[in-house]
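> Protein chains in written order, with this note's numbering: chain G, 1 to 116; chain X, 1 to 115.
Think of the hints as simulated: they come from the structure by calculation, not from any bench.
For glycine and all other residues, C-beta sits at the position ideal for the given N, C-alpha and C.
Treat the hints with caution; some may be incorrect.
To be verified - Sample of chain G residues facing chain X (criterion: CB under 8 Å; computed from the structure):
id, residue
1, Asp1
2, Gly3
3, Gly42
4, Leu43
5, Phe45
6, Leu46
7, Gln48
8, Ala56
9, Gly58
10, Phe64
11, Phe90
12, Pro109
13, Gly110
14, Thr114
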Amino acid sequence: DSGVTQTPKHLITATGQRVTLRCSPRSGDLSVYWYQQSLDQGLQFLIQYYNGEERAKGNILERFSAQQFPDLHSELNLSSLELGDSALYFCASSVAARLAGLNEQFFGPGTRLTVL
Amino acid sequence: AQSVAQPEDQVNVAEGNPLTVKCTYSVSGNPYLFWYVQYPNRGLQFLLKYITGDNLVKGSYGFEAEFNKSQTSFHLKKPSALVSDSALYFCAVRDGAGGSYIPTFGRGTSLIVHP
């Protein structure tokens with residue numbers, strides 16, 4: 001158990017809909033990362049937050065957004081969903097953004113999103 | 001820019017035999033290198049990392065990796081494979097020269113250990 005929790009574990013929805021994925025980082029970790037894992041694209045970095053502020057952006061679509069709250073939990077919002085958005089979405093946390101490249105990341109169990 | 005390559009989509013090995021999962025990287029400065037493992041329906045789990053120092057890094061579950069600067073490689077190894085080692089393995093790199101603090105992950109190598 002990494003100490004990172006994600007809810008829900010599974011999500012099935014229809015095209016055009018909007019969903020919210022939730023992540024709670026390990027106790028003491030200030031930095032949260034979101035990744036998308038699909039068979040054809042591999043593990044893609046979406047976005048990073050550190051102590052409530054956006055720190056880095058990766059291959060995140062404009063239809064997607066995220067935020068980190070004062071209690072450090074984070075939410076990833078996916079809107080106008082398309083079939084191609086079906087994937088595993090992982091949240092990870094680490095101690096601090098400044099040392100992010102030196103410290104390993106701790107991954108949650110993921111949310112499997114299926115868009116029908 | 002930083003990049004990482006895992007040249008093998010799949011590695012097959014018999015239980016008890018040594019295993020190697022390959023990783024090569026490209027960075028401007030010094031590399032910070034990581035290996036993660038993903039078991040079915042689970043998140044990635046940290047195995048080991050190289051930041052500086054000894055080229056041979058020991059990690060969890062008997063795994064080790066050798067940093068080779070001249071060959072820009074960081075291959076994952078284990079002397080004797082177990083069936084329970086069967087999983088997806090990811091190599092990741094971050095360029096110590098600065099820029100993004102976000103590591104780049106390889107596409108993963110599926111390790112299959114046969115009984």
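> Look at each hint and say if it fits the structure.
Here is how each hint holds up against the structure:
no. : hint   : in the structure
1   : Asp1   : 10 Å, violated
2   : Gly3   : 11 Å, violated
3   : Gly42  : 4 Å, holds
4   : Leu43  : 5 Å, holds
5   : Phe45  : 5 Å, holds
6   : Leu46  : 10 Å, violated
7   : Gln48  : 6 Å, holds
8   : Ala56  : 5 Å, holds
9   : Gly58  : 7 Å, holds
10  : Phe64  : 16 Å, violated
11  : Phe90  : 6 Å, holds
12  : Pro109 : 5 Å, holds
13  : Gly110 : 5 Å, holds
14  : Thr114 : 14 Å, violated
Checked against the numbered hints given earlier, this structure breaks hints 1, 2, 6, 10 and 14; the rest are met.
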